[in-house]
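Q: Chain by chain, the residues:
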Amino acid sequence: MSRISFPRPVGGAATAFNLAAGVLLLALMFLTVADVVGRSWFGQSVLGTVDISTLLLVTIAFLGLASAEIDGKHVSVTLVEARFGLRTRMVLSGIRAVLLLVIGVLIIWGMGEVLLSAYERGETTNDILRLATWPAKLVLFLSFLLFFVVAIWKEVAEFRAFRSGEVPEGNEVDTAIERAHSTAHQEDSEGTP
Amino acid sequence: MSAASLFIVIAVLVLFLGLLAIRFHVGLSLMVAGLVGVVLMRGTDAAVSTAANQPFSTSADYSLTIIPLFILMGVFAVHARLAQAGFDLASRVLRRFPGGAALASLSGSGLFAAVTGSSVATVATMARVSTDAIVKAGHGIRLAAGVVCAGGTLGVLIPPSIVLVLYGVVTGESIGELLLAGIGPGLLTILLYGITIVLMVLAARRKRARANASMEREPAMAGGASAPSGTESDRPGAGETSGEDVPKPKLDLFGFGLLVIIFAVSIGTIYLGLATATEAASFGAVSAFIILLIRTRPPSWMRAIKDSVSEAVGLTAMTFLLMAGAGVFTYFLALSGASTAVVDAVLAADLEPYVVLVLCLLLLLPLGMFLDGISMILVAAPLLHPILSGYGFEGLWLGVLIVKVAEMALITPPVGMNAFVYSGAVPEAGLGRIFRGIVPFIIADLVVVAILILVPDIVTFIPELSSAK
Amino acid sequence: SGTALGDDTYVLHYTTYSNATSDQSRTAQRWAEQVEEITDGGVTVRLHYSESLVGADESAQATLDGRADMAQVGSIYAASDLSMFTVIELPFETDNPEVQMTAIERLYEENETYREDFDRQGVRPLFPIPLGVAAVGLEEKAESLDDLKGMSIRSGGLTSDVMLAAGANPIGMTANDIYESMSRGVVDGYTALALANLPTFGLSQATPYLMDPGIGAYSSSIAVINEELFQSMPEEHQEALLEVSDQGISMGLEEMDALGETACQELTENGTEFSSLPEEEVAELKENAGIAQDWVERYEERGYDAQSVLDDYRRIIAEETEDSDYVSPLAACMEGQQE
Ligand code: NA
Ligand code: NA
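Protein chains in written order, with the working numbering: chain A, 1 to 193; chain B, 1001 to 1469; chain C, 2001 to 2339.
Hints are computed from structural coordinates only; laboratory data are not their basis.
Positions of the beta carbon are idealized from the N, C-alpha and C atoms, including for glycine.
Among these hints, one or two may not hold up.
[As the list claims (entries may be wrong)] FRET-style restraints, in silico, Cβ to Cβ:
#1 1386/B - 95/A: 42 to 48 Å
#2 1392/B - 2298/C: 50 to 56 Å
#3 1358/B - 2335/C: 47 to 53 Å
#4 1358/B - 2228/C: 25 to 31 Å
#5 2232/C - 166/A: 27 to 33 Å
#6 1209/B - 98/A: 48 to 54 Å
#7 2037/C - 138/A: 45 to 51 Å
#8 1465/B - 2315/C: 55 to 61 Å
#9 1351/B - 2265/C: 35 to 41 Å
#10 1465/B - 2278/C: 39 to 45 Å
#11 2265/C - 1358/B: 34 to 40 Å
#12 138/A - 1392/B: 52 to 58 Å
#13 37/A - 2228/C: 48 to 54 Å
#14 130/A - 2228/C: 47 to 53 Å
[Unchecked claim] Which residues of chain C face chain A? A partial, calculated answer using Cβ under 7 Å:
#15 2079
#16 2150
#17 2160
#18 2172
#19 2176
Make a model of the complete structure from these sequences and hints.
A: Written out as structure tokens, the structure is:
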């Protein structure tokens, strides 16, 4: 949907991460089924399913962050912001970009430390397999890093659009608002009394 | 709570609302506001640790595998055109009722939520399908948003329900009896939601009839002339149709049968004792996966699988970012002692038991602005349950009431998890419309709560029946 | 970190995974009340139950990095943070929780490797909190290892290894899921719980058979405080904390006994049948499982003198067993049944 173009490596990485999460999600699905089938019909479950599934979930949960940002899937409240003038909206976009940068640096830095500490202490899960947690934490680190790169890039592009006096076209949320306005009458005749 | 903490809590709330207002990501707004609070209360180190650890601790929970797997199951079912088949059939069956498609979608959400026990997963899964079906049948997105968001809350009362089990764990009430106690109120809620839908549709119809009578015709309105290709403007004569007048949908009975199979597999594995609710999600997803393979021709297999999985991954990331943000905020709230302080204030006021009960329940609503059902029970139940049972209220009844209101909080404006997730899945809806669509269902919920307070037997009679045996 | 409020008043945030009504939390509540009383309100403790502040496996880390001031660290969650503390996880070492508690305290004084772990983590142990003797709850009667074979048993930590050695099928699931899973037949039984835990999870009303597998006191937890914070406190506060902590073991055992008795009554009312694994089978199981050797090897690989910790643990157990006449709630309940 977005008309903002991302640098090729960034877009490619987001797609690759999304794909990887998809493969892991299918693996999670088949692992659980294998575990239950094994337990119910062969008296033998897959040892450590909980351990493995838990770490799989950690990676699946956030690998799609960047692609979701590119597709505009993340949730924000458009109600208030859309009512402001172009100039104010430009300023707000700038504030968002700065905020993203600050929280991004904070999280990435902290996650880097958490990752190092997990690696150095040899941190493991606490169930039967005692799996190392650092690979999952590395995936988290990379997922959030890519997410913030994409989000900041997108926000800066939006800021530029506002500055050149246009409502950014790549902003799906705004199109949604406009669509909502244009169908408002019709909506009123059909929705709540 | 000291004056300083009170000030910090208020400042953090204001900051949070401010961030929402400038269209900052909701998940990140929760996170930033919570972190500012942590910095003020415990310093920067604690804040950085919280932010850095929260994504891992939010997601490193086996029981949450249910979220991506049920989302995946739903997306597979949509891509295999099963959901459509189900809605078409249910709409046909419920055609005689005003708002048949909405009622069909309510039954779908109810069924799905009952199995998953997860509001958020239900909304993420059902949002697109239900909305398309309801809008196609001639109703507004508002109604669809209300039905889906409210429908998602049904699952916590109808077993299996992680939230009810947790309530039992936290308060020491019997888990088995709690699960049984949820059934009656769950059914009552479905009934009232159904009545709400019928009333909404009838009212809209009467309003339209009046409008038509008074001004003959106004062609510009129906099409939304400048609208981009949205669902509503695609349909010819969108503004005039209502549930009954819609041309009969072409029935895909085979597709409906397959849909039934998916539900049967995911529910059946639970009730046959093969799998826990968590594991059942995988069975549902696998069966939907196989059916997707059957329903798409071999060359397009890869594309169908890739599209479905990619969509599920995106929805999952969106959901977990919200949960991680809520996690940071929960940590801050726990630290601040705000909830404890509010409860203490209520106690100090020395009021009638029922007034205290209502006040305590009202306290849950703002909590639901930031927390999901599970976090809310973990935070609130240990505080409220002992106080209220101290006033002589019955434990099971109290448990169901608190869980019901906690779940209500997920759909009350200005911030409700379900509404956000819905807006992520149906971006063209817009949060304003979503919340306006939800309001009638909140009223229905209030009626349910009032009935439960007046007629406690609705809660207790099923557990009593089973223990009488 | 820490929450000093200008004057010498301290508010300590204590995080636990246990819920508010568990014996572990009741022990912490009593500890907190006494500390507040003794310091005349100079130190107050805010208890956060059920992982509502931080998760169970993060509690040691969180105490170090400032997200919490105090934590209940479960041995089952401590493999990466307080590795040597997990020696008390080892099954078949003692069936006397009082002895196990005393050993946890004495190891800190008597074994350097064990103590260094806490120092490196930046936390100071205050008092141990007992969990009790591992029981196996079952849907069907079992009296021997043969009966356990092929059964799907919910377990956790090292009890999973025991179940594996017993030929059973260890299943990982949270304690909250056990009730439903038992009643639906998803699992045939559960372990990694002690008698006093059963009411908490609704299991004292849903366990037709209860077996003592001979694992003994297999796990427990320890309340710790951030060392830097502790050192920053005025001396009289430090002394108060340590003084009340000296009562920790007896308070913990009292609370555990009280809940264990409740569980015993409920089980008896519901007609639960008790059994225990014959002694020679317990010995066989211990031999097969070989868990202690594995434990030593795993941590020697990481540069710990784990053998010294195990040796000292066993020595202390032998010494303390002579002096203790404590009877665990499970043993007491089973004795009562036979009368
Ligand atoms: Na449910
Ligand atoms: Na709300």
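Q: Now tell me if each hint is right for this structure.
A: Each hint tested on the structure:
| no. | hint | in the structure |
| --- | --- | --- |
| 1 | 1386/B - 95/A: 42 to 48 Å | holds (44 Å) |
| 2 | 1392/B - 2298/C: 50 to 56 Å | holds (54 Å) |
| 3 | 1358/B - 2335/C: 47 to 53 Å | holds (50 Å) |
| 4 | 1358/B - 2228/C: 25 to 31 Å | violated (46 Å) |
| 5 | 2232/C - 166/A: 27 to 33 Å | violated (57 Å) |
| 6 | 1209/B - 98/A: 48 to 54 Å | holds (53 Å) |
| 7 | 2037/C - 138/A: 45 to 51 Å | holds (48 Å) |
| 8 | 1465/B - 2315/C: 55 to 61 Å | holds (58 Å) |
| 9 | 1351/B - 2265/C: 35 to 41 Å | holds (36 Å) |
| 10 | 1465/B - 2278/C: 39 to 45 Å | holds (43 Å) |
| 11 | 2265/C - 1358/B: 34 to 40 Å | holds (36 Å) |
| 12 | 138/A - 1392/B: 52 to 58 Å | holds (54 Å) |
| 13 | 37/A - 2228/C: 48 to 54 Å | holds (51 Å) |
| 14 | 130/A - 2228/C: 47 to 53 Å | violated (30 Å) |
| 15 | 2079 | holds (6 Å) |
| 16 | 2150 | holds (5 Å) |
| 17 | 2160 | holds (4 Å) |
| 18 | 2172 | holds (3 Å) |
| 19 | 2176 | violated (13 Å) |
The earlier numbered hints that this structure contradicts are 4, 5, 14, 19.
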